[in-house]
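**Student:** Just so you know, the protein sequences line up as chains W, F and E, in that order. Residue 1 is where the first sequence starts when you use the numbering used here, and the numbers rise one by one after that. Residue 1 is where the second sequence starts when you use the numbering used here, and the numbers rise one by one after that. Residue 1 is where the third sequence starts when you use the numbering used here, and the numbers rise one by one after that.
A few of these clues could be false.
[Stated by the list, open to error] Beta-carbon label-pair distances, calculated as ranges:
no.: 1; chain 1: F; residue 1: 94; chain 2: E; residue 2: 102; range: 21 to 29 Å
no.: 2; chain 1: E; residue 1: 92; chain 2: W; residue 2: 126; range: 21 to 29 Å
no.: 3; chain 1: E; residue 1: 25; chain 2: W; residue 2: 50; range: 30 to 38 Å
no.: 4; chain 1: F; residue 1: 56; chain 2: W; residue 2: 78; range: 42 to 50 Å
[Said to hold, decoys possible] A short, non-exhaustive set of chain W residues, derived as facing chain F with CB atoms under 7 Å:
no.: 5; residue: 7
no.: 6; residue: 8
no.: 7; residue: 53
no.: 8; residue: 110
[To be verified] Far from chain E, some chain W residues (derived; all Cβ distances over 12 Å):
no.: 9; residue: 15
no.: 10; residue: 42
no.: 11; residue: 47
no.: 12; residue: 72
no.: 13; residue: 75
no.: 14; residue: 78
no.: 15; residue: 96
Hints are computed from structural coordinates only; laboratory data are not their basis. All C-beta atoms, glycine included, are put in the ideal place defined by N, C-alpha and C.
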Amino acid sequence: MFTKVHVFRVKPGQELSSGIAHYCQQHSITSGVVIGIIGSVRNARLNFLTELPGKYVSQEYPGPLEIVSAQGSVALKDGERVIHVHILLSSGQLCRGGHLAEATVFSTAEVVIGELGWQLRRYADEYTGLNELEA
Amino acid sequence: MFTKVHVFRVKPGQELSSGIAHYCQQHSITSGVVIGIIGSVRNARLNFLTELPGKYVSQEYPGPLEIVSAQGSVALKDGERVIHVHILLSSGQLCRGGHLAEATVFSTAEVVIGELGWQLRRYADEYTGLNELEA
Amino acid sequence: MFTKVHVFRVKPGQELSSGIAHYCQQHSITSGVVIGIIGSVRNARLNFLTELPGKYVSQEYPGPLEIVSAQGSVALKDGERVIHVHILLSSGQLCRGGHLAEATVFSTAEVVIGELGWQLRRYADEYTGLNELEA
């Protein structure tokens, strides 16, 4: 089960990834599931994996764009907190989703994290060239 | 933790938002997380925030479209239940997501809501011009 | 509440649906919510409902594509496990979501399933021509 469900807001002008990291630090969350995020952002940058091991392309979206959904996790790698989030952004003209690199909150970002009672961990995987879940 | 996980179906021909509201009313849910919705809809209307404070544009999609995902919350504002859902719709030709204004269920909508043991609340925010989470 | 939250990885080269089914079989999961999946895939096939009862079109996407999100459920129909997942795939050029028919994991698929303490069931519905939730 989720030992605790956290619902919090990252506020206008704040960078979304940093806002989530800050909340996790303040509340000592090291293991959890990002159940969802909705809201809106500007100046988003998403990463898209194109080749293995680990080659990404980045794309930038000035927005404003709705945050339609987000999913991911909070884990530890070598004792460091790793927050890994995929996010879907859409306006009436464009819809794209990928690995959240950065984004500035426009109106709000309502984040839901379910904390786990056991530790999620990541390790550097040679085949993918990425930090993969041990799970 | 989620004190209770509700899984229910909104049926063909019913309006999706009203169907969710009706279920929450019947089951006295005033605080929760919309964990997911999948299914299909017709005649959907989505809102996209374009300017602050609170300017939206609406777009209509006749469909049928798959409900690929949805996320959101159930909260109270001034004692009234507010259900806030962002939804992603897709066909083979089009993919758009935004604030769910209305949609008619086509085949089904399978809704999952995780009820919270504490009260989520919203308030009218001057900066965004929207009802924001107190969280 | 979710009696147990499972977080597991389907690995490169494996078929995603089969990987989820295999995990559920190994862990005797017959009732649950697919809370999320992120990662990346190649050679994905999605189904889109076009007409009732039960007419689908399929589309194939060679990818690689990010798995941006996924939602669904694990239920029983006539004693058989039915895993029903809608998934959203995106590259920098294309974004589509629908019913997951099949997909080959590219780098990883990080799957989160919340197990339920009561049994979700499906039945063959005459109107939709599909296996609908009893919920």
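**Student:** All hints, please: hold or fail.
**Tutor:** Verification of the hints:
Between residue 94 of chain F and residue 102 of chain E the beta carbon distance is about 22 Å. The supplied range of 21 to 29 Å therefore holds. The given range of 21 to 29 Å is respected by residue 92 of chain E and residue 126 of chain W, whose C-beta atoms sit roughly 26 Å from each other. For the pair residue 25 of chain E and residue 50 of chain W, the beta carbons lie near 33 Å from each other, so the given range of 30 to 38 Å is met. For the hinted restraint 42 to 50 Å between residue 56 of chain F and residue 78 of chain W, the CB-CB distance of approximately 45 Å keeps it satisfied.
Taking 7 Å as the C-beta cut-off, the interface hint given for residue 7 of chain W holds, the closest approach to chain F being about 5 Å. Nearest Cβ of chain F to the Cβ of residue 8 of chain W: about 5 Å, under the 7 Å cut. The hint holds. The closest approach between the C-beta of residue 53 of chain W and any C-beta of chain F is roughly 29 Å, which is over the 7 Å cut-off, so the hint fails. Nearest Cβ of chain F to the Cβ of residue 110 of chain W: about 5 Å, under the 7 Å cut. The hint holds.
Against chain E, the non-interface label of residue 15 of chain W holds: every CB pair exceeds 12 Å, the least being about 20 Å. Even its closest Cβ contact with chain E, about 19 Å, leaves residue 42 of chain W beyond 12 Å, as expected for a residue assigned away from the interface. Distance check for residue 47 of chain W against chain E: the nearest CB is about 8 Å away, which does not clear 12 Å, and the non-interface claim fails. Non-interface call for residue 72 of chain W relative to chain E: violated, since the shortest CB-CB distance, roughly 6 Å, does not exceed 12 Å.
With a least CB separation of 9 Å from chain E, residue 75 of chain W falls inside the 12 Å interface cut-off, contrary to its annotation. The Cβ of residue 78 of chain W sits about 18 Å from the closest Cβ of chain E, beyond the 12 Å cut-off, so the non-interface label holds. Residue placement check: residue 96 of chain W does not keep its beta carbon more than 12 Å from all beta carbons of chain E (closest about 5 Å).
Checked against the numbered hints given earlier, this structure breaks hints 7, 11, 12, 13 and 15; the rest are met.
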